Structures are given as C-alpha cells and as structure tokens.
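Those protein sequence lines, which keep their order, are chains A and B. Sequential numbering from 1 applies to the first sequence in my numbering. Sequential numbering from 1 applies to the second sequence in my numbering.
FYI, nobody ran anything at the bench for these hints, they're computed from the structure. Bear in mind the structure is a predicted one, so any value in this text is a computation, not a measurement. C-beta: ideal position from N, C-alpha, C; glycine also. Take the hints with a grain of salt, since some may be wrong.
Only part of the chain B face toward chain A is listed, based on derived beta-carbon distances under 8 Å [to be verified]:
id, residue
1, Trp3
2, Pro6
3, Asp37
4, Phe44
5, Lys53
6, Asn106
7, Ile131
8, Arg146
9, Gly288
10, Val302
11, Glu341
12, Ser344
13, Leu347
14, Asn350
15, Asn362
Number of protein chains: 2
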Amino acid sequence: MAWQSPKGTRDFFPADLAALQHIEKAWRTASINAGFDEIEGPMFEHLDLYTVKSGEGIVNELFSFRRSGGDTDYALRPEFTPTLARMAAAKGRSLSIPTKWFGIPNHFRAERPQRGRLREFKQWNVDMLGIDSPSADAEVIATAIRALASLGLTPDDVVVRISHRDVVAKMLLDGGLKEDQLQTALGLLDKREKMSRDIFVEKAKEANIDPVVFSSFDSETNTSHQDLETLQAELSAWGIAQWCKFDFSIVRGLAYYTGVVFEIHESGGNERAIAGGGRYDGLVEMFGGPSIPAVGFGMGDVVLSLVLRDKGLLGDGNDLLPSPDVFVISAGGEGDAAIAETVSLLLDSNLHARRSYKATKNVGKLLTEAAKSKAKYAIILGEELSRGEYVVKNLETKDQVTLLRAELIEHLKS
Amino acid sequence: MAWQSPKGTRDFFPADLAALQHIEKAWRTASINAGFDEIEGPMFEHLDLYTVKSGEGIVNELFSFRRSGGDTDYALRPEFTPTLARMAAAKGRSLSIPTKWFGIPNHFRAERPQRGRLREFKQWNVDMLGIDSPSADAEVIATAIRALASLGLTPDDVVVRISHRDVVAKMLLDGGLKEDQLQTALGLLDKREKMSRDIFVEKAKEANIDPVVFSSFDSETNTSHQDLETLQAELSAWGIAQWCKFDFSIVRGLAYYTGVVFEIHESGGNERAIAGGGRYDGLVEMFGGPSIPAVGFGMGDVVLSLVLRDKGLLGDGNDLLPSPDVFVISAGGEGDAAIAETVSLLLDSNLHARRSYKATKNVGKLLTEAAKSKAKYAIILGEELSRGEYVVKNLETKDQVTLLRAELIEHLKS
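Just chain A, with the same shape it has in the complex (with noise of 0.2 Å):
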C-alpha cells in the first residue's frame, strides 16, 4: 500500500520547504521592517466565527467537525481576518491605536483542488488597525508591493487592482438593480472573471438580476470617490502609483469588507489573484471590541508561487538550502574514533557542521562527498591526529594546512 498526503495538501522536502521560505522570508522582512508586529492564532476556531461573518463563501469552503464525545463545533481556519478581529476585540479599549499586526497562517478550504487553489496553504497577512484614512490603504498596499518587488517582480509582471465598494454599489443601483440585491450582485460580479459570459448572464437570470445592471462594468468608467482621489496621492507619495490601476470589475468574495477593495494579479490575467484585501471597519467591534477602522489584504504562497516560477525568479528550492562550514572525514585509524568529539567541537562554536557516515577510508571519495554538500572546508582526520593535528582542506580553493586543536576554529571562521 502507498501511503499519500491528502488530496490537496502537500509534503515538503527539504527543497520544497527551502522554496517556501524564500517568500516568507520576503513576506517577514517587509513587514517587520514596516513596523508591522506578527501574531499567530490557533489552527481551528469555534465554526461560528466562520458562519457569522464571512459570507456563504466562505462557508461552504470549511472543514468542520467535533471532539469525539463533545458538543462544540470547530473549523479549520479557512482565512485570518475573523481571528484577527476576535483578537482585537479581546484587547477592548487597550488596543493599541494604530495596531499593525501581520502573520503566516496555514489556512484551509475544502473545495475541489485546481491550479493556484488547494485544500492548504500558506497566506501572509497584513493589517491595519485605527486608522480611518486611505493613507492606511496605501500603506498596506506599499507593503505588499515591496515583499513582491524583492523577490524580483516589477510593475510589468504584476498589478494592483483597486476598486471601492461604495462606487460598485452606486454603478450596479444606478443600473437598475434592487437595494435588497446587492451581496447577490456582489458576489456575482466578484466570479465574474472566473466564467464564460454565457454563464455568468444565466447565473444572473437564475439570481432574478437582470444582466443589464452589470453592463457599466464592460467600459472604463469615469466614476470616482473622495476616498479614491486621496488614496492615488497617497500611492504616488509611498512611490507606487506605477503598480495601482483603479478597476470596478474588483469586489471581493467576502461579505465584511467596506469601502476600498483591491486585488493583486499577474499582469497578464493568467493566474487566479495573488492577493486580496481591503477595508472592514465594522468587524472588530461585530465580534464584541470597540468600534474600529480596518484595512488589510492575504496574500496565499500557492499562485505566488506560480508566478515566480514562471518568470524564473523561483528554481526548485536545491540552491536554497543551508551549506555546511566543515564537512568532517575520517582517513582511518584514530580518525573514526575522532568524528563525533571533532564534529561537536566545531558545533561549539556555531558553526554547521556535517560528517561523513561512510565506512570507506578512500579519501578522495570522501572529499567528494565533502564537495557535493557544497561546504566550504573539509576537515581530514587521520594520522596527524596522533600529533594533535587536523588537515583542513578549503574546498573551492583545494588549498589544505595541517592545524593544531587550539587554532581550528579560527581559521574556519576566518
């Protein structure tokens, strides 16, 4: 019997996980650097964190279940944004004003697997709290945009879509649609893009919507917002108004956001949204804290990942794992015996340290195995070591010195 991840999860090999953390460190940097503090939250909370707030969406992406025995019902975490109220909301009137909170959740839906989209995965996300200004907006965006830009994405490879609730709202009702419509039309218009229009105008007839209320989405359209006039100052002054487009043709799926919403995608339209975000003022003070300005954006590794690799900018993750300092071989003799006490010498001294465990005593076999760990000094035991001395090999420059115990670590660290 072969044994299996579940469908839609993945196993990371030590090259995977290498890869994965390329752009979670990128994700960090730019955060911390922007002042930004990481939290972290449980794996699953109560469902009806979920079921409350988020939007049918959502809801049906979970995977719910029980303690054997128990009453409770939990999900796991399918996004951030409710764990991230809920925590807020729990600090009260003690929060912090600005809080700016980030982290890197796995997260979990339980829809059918397809390109860009899995069961697991990781999403960066970054928050801003207690600042009602699009100068908020722009700072999230900025961070965003400057994690993609050092792993080596221009204003040519990816855009910042930028759209305002309030202004598709006021495009759809001007078109005709029905007040009591509206997160029917919303969440219509936010699949949009993910269907032939054939479709989308059957599932608007099968919603009572008549598709002509969507027809001011076809045109570039002059409509605008005080919001959205200050916040295109603020993306020029942050230095990024060459990544933002404004776009109503973006809403977002989720039913808590407010005001300004925006997606990043690869420029050329061919992968699903590298990330999504957008304001949610209410949300804070909906799970019980004060009453609170939000804006925030996830941003998930699996199409990022995709992207990077399409454009060269990700390899398989081999060129990305740590190289050892010493490579310790052993010639024989005394040198077998030597191994473990010379390997936890040079661990002594924070230096990666890794040996040989084969039984040969070929040196020069060794000194290959030594090389393809791609360390940079081999460290030879053998005869000398009756002396009290160690050949040191340098591995790029195949210069070798024989060293006394007391002068080894230096010249290894030099």
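With chain A fixed as given, assemble chain B onto it according to the hints.
Same frame as chain A, now just chain B:
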C-alpha cells in the same frame, strides 16, 4: 458576546509569539548546524495513518473529520513520526543514507487540557534514518541537548532518561509476565509515574496483570544491553554523558518504538516530559518504503516554556520584539506630507522604519513616542525640509545632526 479561542488553543499576541520564536530559533539553529534538513507535511492526514501504527494512546486523542459530502476520514496530526515515515517511504530507494530531517510542525490532541498539555502545540521533531547504531541515537540526543543548552539550561536543570524496550521487556518477562500481555504492560508502565501506587496496582489487576511483574522497576537495576554500553561510549564522545542516565522505568507510550527509548525531564521531576523519542526501525517499511533503521524525538513548546519560565530563562517576550532602526515624526508644515515618502526611502534601504500617526506637532511628545518604540534614531521632518535637510536625533546619546538627503542612509547605517 465575547469570542474566545477554542479550549486548549492559544492566541499569540506579538510578545507571546516572540517568546515562542525564541525557542523555535534555538531548535532550528541546533538542527541546521548539526546537518539536519527541514521538512514539513500536511496539517491533517488520512485517519488510517494513525489508526494503523501508533497504538490506542494516540488514536483516542484524535480530532477527526470528513469533508462535507465526502467519504474520506482525516485527522489533525497528533504527532509527526507517521508523516515522516510516509514521506521517507515515498522516496523509496532514492532516499539518502543517512537521511537527517527535522521539522517544527503544529500538533493536535483532543484530550482534556492540563498543565503542560494543550490541544494545539508546536513540536520540534528530529529524525535520523538509515544508521543502525547507537551512534545515531547519541547524535539525535546531542542535538536535543545542544538546543536546550543554547536556551540556558544545564545538566543541573534537565536529565535525559534513557531506556531500551528489549531490556524493559526482559525485566517484565523475567518477573513472570506473559508474552501476550507485553504491549498492555508497556502501556501501564509508561503511565506509572502519573498515578499513585494504589491506582497503578488497581489498573494492573484490571488488565489481569499481577503487579509483582513490575517490582524490579522499583530498585536500581544492573540489567544492561550491548546497545546501551555502546551508547554510553557515544554519549561520552559527544560530550553529553553528564546530561544522561539510564532509567528502565521509561518505555514511551507509542506502539512503534523498538530498541532505545528516552525522555528528557526537568531534574526535579516537576513537569511532564520535555521531550520523548527512540528507535522505530520498522516504521518506514510499514508505510511501504524500504526496510530502514530510524531514531528520533519530539520536543513540544508547552512543557519547555514552563521549565524555562520557572528557571528565569524566558520572559514575557516583550524584550524579544524587533526594535526599529528609525522612527519618523513630523514637526508640522511640510513634514506631514513628507512622512510616507521618507519612510519609503528608509524601507528601500532595508531599514526597519516606524512613524508616528499622531496629529500633534508637539515634538517633545513625539520624541517620547519614538523612544518608547526603542528606535535607535528619530528623524524629525520640519521646516529644514524646505532646504532639503533632515534633522536626525540619536535617541541613545541624544546627539542631533542636520543632514542632506544623500547623507541620510549612510548616517543611519553607521
């Protein structure tokens, strides 16, 4: 309504996460320096992966679930060894000998939360596959010790209690235990320290085992084993003999262990085990891989944090938060409009830059905020901007200089 994290799980606010990451860094550094490669697997696995091989102790503690409408049973991972064995098996004959892997996954147990035992926790796993010798057992134990030592613990604080399944089995069988009661007796012995003598005797009788078979575990025993004699020499070679003692009351609860088993405890016996591990030579083959010897351990964050805090080696995390290089404030006038652009300039140079969001122009108050952020420097944006100049204050020495834009970054990085 007050929303809370599920029972037995934790919210990690920034300082909480900084404390956890301090431990994770010690684990990761000890692993990488010792030549282990990091891996990760799915947060949940097929339920069968655990029901087949881990024994009842684990199976009773699983959070299991299905996808709505699906027919596949999954379980949140309660431990990492089955995932690791499955991943090793998937590599088949291409698996390197030895394979040295580590990971820092989350794990989940659906049991009653108690001191040292939560429903979600982080666990450091270190495993070495392919070396059928006590030298590998000693190497993984030495890696555990190195991480604990780097966190400030000494041989006075913790002890590695080492045992051997064969020795324990022989002691039980010599005491009169029937062969077919061995697994049950091992399970009882594993839990013996956690209950009173009376309850232990009662549990033994319930399982139809004469309590007298356990009497040899009450006194120091001279029973030994070739593996343990070799292991003793290897522990000395690794320089960690003073951290270790043989103790045949250690058996480990999991069914898959063979040979050497060990636990790391706080020396005073004040907490649950800090870590536990041992040899599991048959497991990779059981999951469809090659027949390969293996040894490893798991160390959770919960008990370790309790021990470190108790010994004054881990604070509340506030002193571990990253501190900014620069804090930007505006003294009014042109300053306000220049904040975003100035922060951008600093971030472009990979500096950690924060800013005030306060409306006040009281520079004294703003400098107090800058000092509270623990930034090294403050940049005061004021009327000097009209001459293209920036006021930079060293918040430690209180020295203040006025610099041109082109001089700014070099000064801040020096």
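Comparing the hints with the structure gives:
1. Trp3: 4 Å, holds
2. Pro6: 6 Å, holds
3. Asp37: 4 Å, holds
4. Phe44: 6 Å, holds
5. Lys53: 10 Å, violated
6. Asn106: 6 Å, holds
7. Ile131: 6 Å, holds
8. Arg146: 6 Å, holds
9. Gly288: 5 Å, holds
10. Val302: 14 Å, violated
11. Glu341: Hint holds; glutamate 341 of chain B Cβ to chain A Cβ min 5 Å, cut 8 Å.
12. Ser344: 5 Å, holds
13. Leu347: Leucine 347 of chain B check passes; min Cβ-Cβ to chain A is 6 Å, inside 8 Å.
14. Asn350: 7 Å, holds
15. Asn362: Interface hint status for asparagine 362 of chain B: violated (17 Å vs cutoff 8 Å).
Violation of the numbered hints given earlier is confined to hints 5, 10 and 15; the remaining hints are satisfied by the structure.
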